[in-house]
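Just so you know, the protein sequences line up as chains Y, B and F, in that order. Residues in the first sequence are numbered consecutively from 1, following this note's numbering. Residues in the second sequence are numbered consecutively from 1, following this note's numbering. Residues in the third sequence are numbered consecutively from 1, following this note's numbering.
Calculated from the structure, these hints are not laboratory results. All of these numbers come straight from a predicted model, not from anything done at the bench. Accuracy of the hints is not assured; some may be wrong.
Put simply, identical chains are the same to the list, so a pair is met inside one copy or across any two.
[Stated by the list, open to error] Subject to a maximum C-alpha distance of 20 angstroms in a straight line, what follows is the list of computed SDA-like cross-link-like pairs (lysine to any residue):
| hint | residue 1 | residue 2 |
| --- | --- | --- |
| 1 | Lys118 | Phe85 |
| 2 | Lys26 | Glu170 |
| 3 | Lys118 | Gly134 |
| 4 | Lys118 | Arg151 |
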Amino acid sequence: MEELEKQMESLKAQIDATGNRMPDNKVSLIVFSGDLDKALAAFVIATGAVAMGMEVVMFFTFWGTPLLRDKKKKVSGKDTMSKMFGAMLPTGAKEAKLSKMNMGGMGTMMMKSLMEKKNVSSLEGFIELAEELGVRIFICEMSMDLMGFKREEMIDYEHKTYGGVAGFLEEAANSKIQLFI
Amino acid sequence: MEELEKQMESLKAQIDATGNRMPDNKVSLIVFSGDLDKALAAFVIATGAVAMGMEVVMFFTFWGTPLLRDKKKKVSGKDTMSKMFGAMLPTGAKEAKLSKMNMGGMGTMMMKSLMEKKNVSSLEGFIELAEELGVRIFICEMSMDLMGFKREEMIDYEHKTYGGVAGFLEEAANSKIQLFI
Amino acid sequence: MEELEKQMESLKAQIDATGNRMPDNKVSLIVFSGDLDKALAAFVIATGAVAMGMEVVMFFTFWGTPLLRDKKKKVSGKDTMSKMFGAMLPTGAKEAKLSKMNMGGMGTMMMKSLMEKKNVSSLEGFIELAEELGVRIFICEMSMDLMGFKREEMIDYEHKTYGGVAGFLEEAANSKIQLFI
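Chain Y on its own, in the form it takes in the complex:
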């Protein structure tokens, strides 16, 4: 009898161990691209997943980072290189362009007018929706550092954290779905 109980204990421990290693009901997205089309795909997946009862974390890195800049916020004291990057990259989601068929902006304009006509939210709208739905956002500190972005110029967003790859990997390792977009 005692032995049986011991075995039971051991079985429970194994189940607990398994449980801890089980991927949660979570989705982790790396938003590496700053293109309008890819960012839209990321937010369609993110908001769709929340609607299905999943938890979502988005990790904005490299070209994805400038999508989260706030056009209304001005920062001073940047060096020349940072100013150049700042000027060349989109200031916020509204300036994002299609990865294909941009055609000097005409393709992007066409897509945006189509989205409005077909009742698909704009990228800015999707960011607001994501915030309301509780989607958490990580912003890659290394990318911000390289591109010379300051925290003061990023959008207000409730569940926003600045972090590195370790933060992402921890979330991703406990997620059911991970995508590099």
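We have chain Y; now place chains B and F onto it with these hints.
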């Protein structure tokens, strides 16, 4: 004794719960790109996975959608915007181009002739193979709507479904491997 | 009593089965892109994951393959097509370019000088670091064959294997995180 049996019941329930949450032996691929090279990579993975006994679902969205149009099928009654998109995007896999080194089509031609020489199937061939192997295909309805594609102009394919992000997420959450291509 | 023991046996078997199907503490990355920025992202994730105690496998395919060529190694006996591909693609990580804002090489130069200033390792440095940390590398044989690369022109790297999609899928199916970069 009775208590032991109760514990056993509870252990079994936990194992069942774990089992239900376990990722299946399935691969979910999002084919966002319409580039020849990326679409090829998607189908190499898809058909390879089936060969290894895995189940495969491919979700075609955005630029990936026009790859599944059938050149032989004509549809009428499109508005101007839809006609423009229809004309600018590839009509089927045969018109897909390399993402790099396309060089006005010369690079793509070179790659295709190399593939033939090295006995690598064409993209069209891979789609047929995938159908034979039972790879399931989802086509994103939002993308079709935005680009003005109609169901009547898509290729015949046995395991073809039209759907949205919820359909993909359901498959992906029960998959071992998920990739955004 | 005997029945209880039998049930126990069955429970244990189920746990073992579950254990075998559990994703390991492993990360599998497909490096499809040959762009400096995306390759950097791949290595930041790879080395970060090892630092967190995870095992990492990188699968280099298509445009990612030429990043692993060694500029110092010369091979002869290539046909015209292979020579052309060889000349047009980067010879090693040092020649990789940004996917955006390359601006005839100026953007890439700016990014590299920024990386040095901010103490971010170069791509070549990251490859060495990955080797030291025990990151395993798979090189796609089909890509090498298509682009006419020979094994003799690839970099020395301790944990390097040549293989196909089956090798990747086996690793990926046992990984917690899989990304297509």
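Okay, the hints, checked on the actual structure:
1. Lys118 x Phe85: Between copies only: 15 angstroms across chains, 34 angstroms inside a chain, cut-off 20 angstroms.
2. Lys26 x Glu170: both (12 angstroms within a copy, 12 angstroms between copies)
3. Lys118 x Gly134: neither (26 angstroms within a copy, 33 angstroms between copies)
4. Lys118 x Arg151: between (35 angstroms within a copy, 17 angstroms between copies)
Hint violations for this structure: number 3 only, all remaining hints satisfied.
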